[in-house]
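Student: So you can see what is in the structure, the chains are spelled out below.
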Amino acid sequence: MTNPSTVESAIRIQGVQKAFGRTPILRGVDLEIPWGQVLTLLGANGSGKTTLIKIIATLTKADSGRVVVGGMDTSSRGPGVRRLLGVVTHDAFLYDDLSGRENLRFFAKMFGLDRVDECVESVTEKVGMTDRLDQKVGNLSHGMKKRFSIARALLHDPLILLMDEPESGLDQAALRLLDAVISDQENPVRSVLMTTHDLERGLELGQRLAILANGRIAYHQSLDDVGVDVVREAYAKYTGPPS
Amino acid sequence: MKGYFGPIFAILAKDVLLELRTKDILVSVVVFALLVIVIFNFALDPTPNAVAMVAPGILWVAFTFGGVLGLNRSFALEKERGNLHGLMLAPIGRDAVYFGKFLGNFLFMVIVEAVIYPVFAVLFNLPLLVPGFIPVALLATLGIAAVGTMFSAMAVNTRSREVMLPVLFFPVVVPIIVAAVEATGVLIRGDASADLTRWVPFMAVFDAIFLVVCPAAFAMIIEE
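Protein chains in written order, with this note's numbering: chain B, 7 to 249; chain H, 867 to 1090.
Some hints could be false.
Taking lysine-lysine and the DSS-like style, the derived pairs with C-alpha atoms no more than 27 Å apart in a straight line are [claimed, not checked]:
| id | chain 1 | residue 1 | chain 2 | residue 2 |
| --- | --- | --- | --- | --- |
| 1 | B | Lys142 | B | Lys132 |
| 2 | B | Lys115 | H | Lys945 |
| 3 | B | Lys115 | B | Lys67 |
| 4 | B | Lys132 | B | Lys115 |
| 5 | B | Lys67 | H | Lys945 |
| 6 | H | Lys889 | H | Lys945 |
| 7 | B | Lys132 | H | Lys889 |
| 8 | B | Lys115 | H | Lys889 |
| 9 | B | Lys67 | H | Lys889 |
| 10 | B | Lys115 | B | Lys142 |
What the hints contain is simulated information worked out from the structure, not anything from laboratory work.
Can you make the complete structure from the sequences, with help from the hints?
Tutor: As structure tokens, then:
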């Protein structure tokens, strides 16, 4: 099998369209994320950011268009694509009646990992939840669940991270941990697609920035190429002025 | 092969562990199935001659109606907490997710049947061990769980899932319920095995067909 990181882009999206009933959400999205880069995806509520993440993660099928992850088409190579992805969304995907350890052990087994306990302890340490590992997830706060959710996404050391508003519900300490995960120096190949409403965080963490508006990528730039003021202007134009 | 079966057994083990913690499915299903049997017993008050005729039907009504309750909870628990997407993010085929959930449903139904049957036997004055009943019950439960797991995944995405599951599920499982009732009747009456050789292969074929069709259909059902 080809090493996924040797193909040109981590994620390549071409002409993706998606409608729910008669309401079009995505009207032909084109986007490319190179290896080793963090792309911040901005957009107003309902612009289709979450839908796009779900399509890349193979949770939802696009009506038309093509999504290639690590050189693999999501429509035909689902399991291979999912092996490359770590996904953090609004839902933690954790079982309330199981402890953090039991949850992470379960997901480690789902990914066929060998040294399950070692992996669990390592990722838990990364998100600063070692002392809560044996507590029932249902008894944890939203922010703590989110930390375990990030640990779940990192269990198999994925080459690509998809993060849908990962900062929601996190305190300052957890935000610092999240920033460290996103700009992980130990994994220079890892690409991150992160959606957010926080432009400043997006500018701080991302190397590229895209804005989704009217079902299309209305703006996409490498932050090396443009000044921050230009980006702020574009953001205000497509989503309204930042608060 | 470990790569394929590992996640299937991980889902099964997770469902068993969750059930041991919450007792969400087993307690409610056992109580419901017991109530069905007790109500029928009082309502019909069957004579020894009538028992052989009505008992198989009552037994399978209790098993399948109880089974529907459990099947309804199976995917509802995943959906309510958004965990179905968690399962779908694993690097495995959708069929492996199906088989993991199917094994859990099958196991819970078998446990319920094992608890219900002795009570049923006492109430209807039947022997506690009817030779040949266990393989018949396992064959029928296999088919019911196979179909039920698929429709449970379909119904969970509808607003009225508690109503939707029986509406979708019963028309499809009627043949195997009829076969199970007939085969159980033959065993209770102690008839010659001629009839059994008709119903048992029928159930085996039903199981084989739906254990191929349902995982394939499941993949289409759970992706939005």
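Student: Each of the hints needs a verdict: does it hold here or not?
Tutor: Against the structure, the hints come out as follows:
1. For the hint pairing B:Lys142 with B:Lys132, the CA-to-CA distance comes to about 19 Å; that is within 27 Å, so the pair holds.
2. Our distance criterion of 27 Å between C-alpha atoms is met by B:Lys115 and H:Lys945, whose separation comes to about 21 Å.
3. Between the alpha carbons of B:Lys115 and B:Lys67 the distance comes to roughly 26 Å, so the proposed pair stays at or under 27 Å and holds.
4. Taking the CA atoms of B:Lys132 and B:Lys115, the gap is about 20 Å. The hint holds against a cut of 27 Å.
5. Distance check on the hinted pair: B:Lys67 and H:Lys945 sit about 18 Å apart at the alpha-carbon level, within 27 Å; holds.
6. At most 27 Å may separate the alpha-carbon atoms for a hinted pair to count; H:Lys889 and H:Lys945 meet this at roughly 18 Å.
7. Among the hinted pairs, B:Lys132 with H:Lys889 is inconsistent with the structure: their alpha-carbon atoms are about 34 Å apart, more than 27 Å.
8. For the hint linking B:Lys115 to H:Lys889, the alpha-carbon distance of about 24 Å falls within 27 Å, and the restraint holds.
9. At roughly 35 Å between alpha-carbon atoms, B:Lys67 and H:Lys889 are farther apart than 27 Å, so this suggested pair is violated.
10. This hinted pair checks out: B:Lys115 and B:Lys142 have alpha carbons roughly 19 Å apart, not beyond 27 Å.
In summary, the structure is inconsistent with hints 7, 9 from the numbered list given earlier, while agreeing with the others.
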